[in-house]
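Chains as they are written, first to last, in our numbering: chain U, 258 to 615; chain F, 378 to 634.
Worth flagging that the hints you see were computed from the coordinates, not collected in a lab.
Treat the hints with caution; some may be incorrect.
Here are the in silico distance ranges between beta carbons for each label pair [as the list claims (entries may be wrong)]:
1) F:Arg596 with U:Leu372: 43 to 53 Å
2) U:Phe575 with F:Asn562: 29 to 39 Å
3) U:Pro562 with F:Ala445: 28 to 38 Å
Virtual Cβ for every residue (Gly too), placed ideally from N, Cα, C.
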Amino acid sequence: MRFIFKTRYEQDLVLFKHGGQKFWYAVLVAALLLAPLLFSEYFISQLVFIWIYSVVGLGLMLLVGYTGQVSLGHAAFLAMGAYTEAYLQARGWPFLLSLSSAAIVSGVTGIVVGLPALRVKGIYLSIATLSFGFIVEEAVTRADSITGGNTGITLGNLEIFGWAVDSEAAFYYVSLVVLILCILGVMNLMRSPTGRAFVAIRDSEISAQSMGIHLARYKTIAFALSAALTGVAGALYAHKLRFISPEQFTIVQSIELLIMIVIGGLGSIYGAIFGAAFWILAQQLIVTAKDWLPPEIGQQTGLQPTIFGIFLVAFVLFEPLGIYGLWLKVRTFLEIFPFYRKGMFKRQKSYMKSERLK
Amino acid sequence: MTAPLLQAKNLSIQFGGLKAVNDVSFEVWPHEVFSMIGPNGAGKTTIFNIISSLYKPTAGRVIFEGEAISHLAAYEIARLGIARTFQNIELFEHATVLQNLLVGRHCQRHSSWWQDLVFTPRVRRTELQFRRHAEEVIEFLDLQHYRDSMVVNLPYGVRKVVELGRALAMRPKLLLLDEPSSGLNVEETEEMGFWIEDIKNDLGITVIMVEHDMSLVSRVSDRVLALNQGEVLTLGTAAEVQAHPGVIEAYLGGVDV
Chain U
258 MRFIFKTRYE QDLVLFKHGG QKFWYAVLVA ALLLAPLLFS EYFISQLVFI WIYSVVGLGL
318 MLLVGYTGQV SLGHAAFLAM GAYTEAYLQA RGWPFLLSLS SAAIVSGVTG IVVGLPALRV
378 KGIYLSIATL SFGFIVEEAV TRADSITGGN TGITLGNLEI FGWAVDSEAA FYYVSLVVLI
438 LCILGVMNLM RSPTGRAFVA IRDSEISAQS MGIHLARYKT IAFALSAALT GVAGALYAHK
498 LRFISPEQFT IVQSIELLIM IVIGGLGSIY GAIFGAAFWI LAQQLIVTAK DWLPPEIGQQ
558 TGLQPTIFGI FLVAFVLFEP LGIYGLWLKV RTFLEIFPFY RKGMFKRQKS YMKSERLK
Chain F
378 MTAPLLQAKN LSIQFGGLKA VNDVSFEVWP HEVFSMIGPN GAGKTTIFNI ISSLYKPTAG
438 RVIFEGEAIS HLAAYEIARL GIARTFQNIE LFEHATVLQN LLVGRHCQRH SSWWQDLVFT
498 PRVRRTELQF RRHAEEVIEF LDLQHYRDSM VVNLPYGVRK VVELGRALAM RPKLLLLDEP
558 SSGLNVEETE EMGFWIEDIK NDLGITVIMV EHDMSLVSRV SDRVLALNQG EVLTLGTAAE
618 VQAHPGVIEA YLGGVDV
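Bound-form chain F, shown alone (with noise of 0.2 Å):
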């Protein structure tokens, strides 16, 4: 068996006297959809916020590839190839499509400021490589009409897309998708559904997705954690865990069996 992408071990995080995440463990696999649900304030996004460093965990740790990561700062994540989405789209705004997916390579990059200052030959070169490899995004998520667009003047569908793109651009071993389908409509979500599938599949990404969108999770997921209040409730696949008793009592409140 191969070792797991990604581990949690023990992670709790305390706000104050809130236990937003207690005692969490899982195990993500190479090449599978791992995806996340629970009602709001279950702590699936604090649990997105530890892996990326942006909060630090009061115990426990995260493991990336056999390697505690949970000490490193947040730029230093994105180099192991971790890539993100956010909740509410933090995309940069006025900048185009085309120059928010080429940030995404920024780690890549082995030019100093000074080499930038007077764009030496080989800053040119690994320009046009960073072009090249964001065309290949754009042709994969279809945004060969929004490339020069800036961000500011897309639609909220298209926004959502492109930062999947400029994720995608970071050429990521693991991609964490923070609700990829709120404000999208039934069309877009579908389509989203298959562009996770695509990223399994043919770039062979590890996803973790959090998600509230049941058929959605259903549709493209291996496996389910749910959470509720900062535990686990149950993990399984989509049917096993949608069937759980815990995780009905978590979404619909208490049931007379």
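With the rest of the complex left out, here is chain U (with noise of 0.2 Å):
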């Protein structure tokens, strides 16, 4: 276990805890960097998709984890970001500027969702989005001027400032650079008032406004984030997929979004981008899975929902802080090795003395 001693309040803003952090981080973005020599195309583009739905999954962990408005609709802002970098991108419009109007499209979308949220909570904010779910869908595929209706639309190559992002690898390193770029974002806004007060309006509205936030200007705030972070990974969506059309953004994909970061653990950076990976992994899994499986079950329509269905209950169950509760565990294991303890993480009770004596 590492106490860190503490001299300056500045340490308790940094990113990086301690030098062992820094080290182990900086192998992890070497060994990322070096990933597209040494793997298969197959695998790296196995990658990407980790990589974006982790930036899908740290819009959704700001709103639902951080702020605690569960969405039921973030499908429809993943088609607004990812038509809008379709439509762009036809006009000419270069990457960085269609990337960032893709943002500022679903932003926007997200504040105007938003607002219901300042009237309703609960159960009824997650209709809300439920049924702006259903619009989105529905307008996508009946405005077929702009979206190509259901025949859906292709996307022309990518190309940042002359640069022809036209491999699998050069894909691969725009979207882990996003996605490095969002998860210092978010981690930013967490450790500043933005982000506090998003964890206040979760934990306790009544007293978070006593305290001086302002929770309509917060939850605007925090729709807003998550949808413009979810437009993002739609444009890259887009690009991923090169051809987009309305039945990739149903309700059930926005199911699966917040299931997805369930899985990962909700309140923490960890659990959006573990749930993204075990999301595309274990699809993958099942996908081989299928081949080697009796027919009577391999071939079952559904077998896929069914597993993560299985997983989903299993995770709340036993392990209410997902796979980052996980993690959490195997990381005490090493460190302190061979001290770990099996009650280690069993709630700690702390008591009074006066509770003690009964």
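Using the hints, put the two standalone chains together into the complex.
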């Protein structure tokens, strides 16, 4: 176990708490930079999906995990981002501009969708976002002059400042950089007053107001930022698939995104990324498993949702902090080996003197 | 004579057919501890909720430093320098003690969300300043041991202190304490009494307190307001109020004289 001896207030603000963390993150980034040279194109392509879903996960985590506002319509923001990107790219906008526009269009929509959040809470808010998801899905299908309707749109090659992003490896780097920037942004937010206001709203609205937090304002910010991040992911998603159509942005997708961050671990940035990694890898594993499973099971429809459902139930029951919770345990186990005890992560209940006497 | 810090003028509030507070007026002077007592349902917490603008009074007004405040939104009250605690502890449970205290500094922030997003040098400077302010509260209330603990893991007595600390972190002019001793044992109540005295004497903060524990009330209060069924019974020193026949009747039922 590592105890950090703090001598300056700055130490509470640093992003990396100690040298070890810096070292391991440097190793991780180096490994990720080298990955395209070492692995097959197929594997790299799967990593790209993980990066994209991680960005969505971050966006959703900001809203659901940190601000406590459950959205069942996030696929709609993904669609806003994807279609904005496709539309603007076709009209010759440079990538950085169209990517920021995708974020802005999504973000502004997020503000509009966030408006009911100022009036309704909990399940009613989820229903409002759910219906928003349906509206966008329907609108995308109908507005075929912009979106191509059910036929979808194909995207051209990506080009950044004259650099043609035409290989899987090149796009891998683009999405990795976007992901790292998004992670840094969310980390900054969470160590500053805005992030604390989100957490305050999640844990107690009534005392958040009495501390001077303007609930409507911060809920709107949370919705806008969450939608903007999802929009960025949508733009990358459109480029990755090179073809988008309305059936990629259904209500099922929204629910899957939510399950993804719950499995990853609500209320942490790790959770968003672990969730995305789990989501993509598990899908691949299930596809592979279909081949060697007996056909009565392997060829059943709904195999994948069933397996994810089982995972979700198992996590909610046994590890409410998701994969992040598991990770914490494994890390602690390694750090203090061989002194790990079974009950270490049981809720630490501490007693006052008087309570102990009972 | 100085002006009163807070004035309640003919406050009334009605929930449906129930008059929870009926024509209550009082004044709170700077640097005093003003207690409100009364049986359950007397309207004490309701008055707190009116002061912090969680409820709008049906009649009457609250005046703070000469300005009417009842029309303000709840989040604007904090900016005026009014902090409060809650009867059933409303902390941010899945955050550390330190983070809870830092939320108390929220009103003093100058940055907007996009500055926070890139963590500009200015945000960093204010954060360090807030951190120092929070540390002063930690030192004042002896919370060093719990600084980085999650509130959800803390025992009740400590949470009560953390909530007091969060209110103090706002550096308020007026502090509303809703039953500071409820759920605390004798020892902890005594400690709470010391802190309330220190808050008044050392920090110069005016305190309005709703409390049932009469020993704590008599120890720390300068004046006591007794309420029953939404109406003022009497106002005076703790001893005067305790001796008042109306108060005895309200608590113990009718007495044969």
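* Asked: Hints broken by the structure, by number, lowest first?
  -> 3
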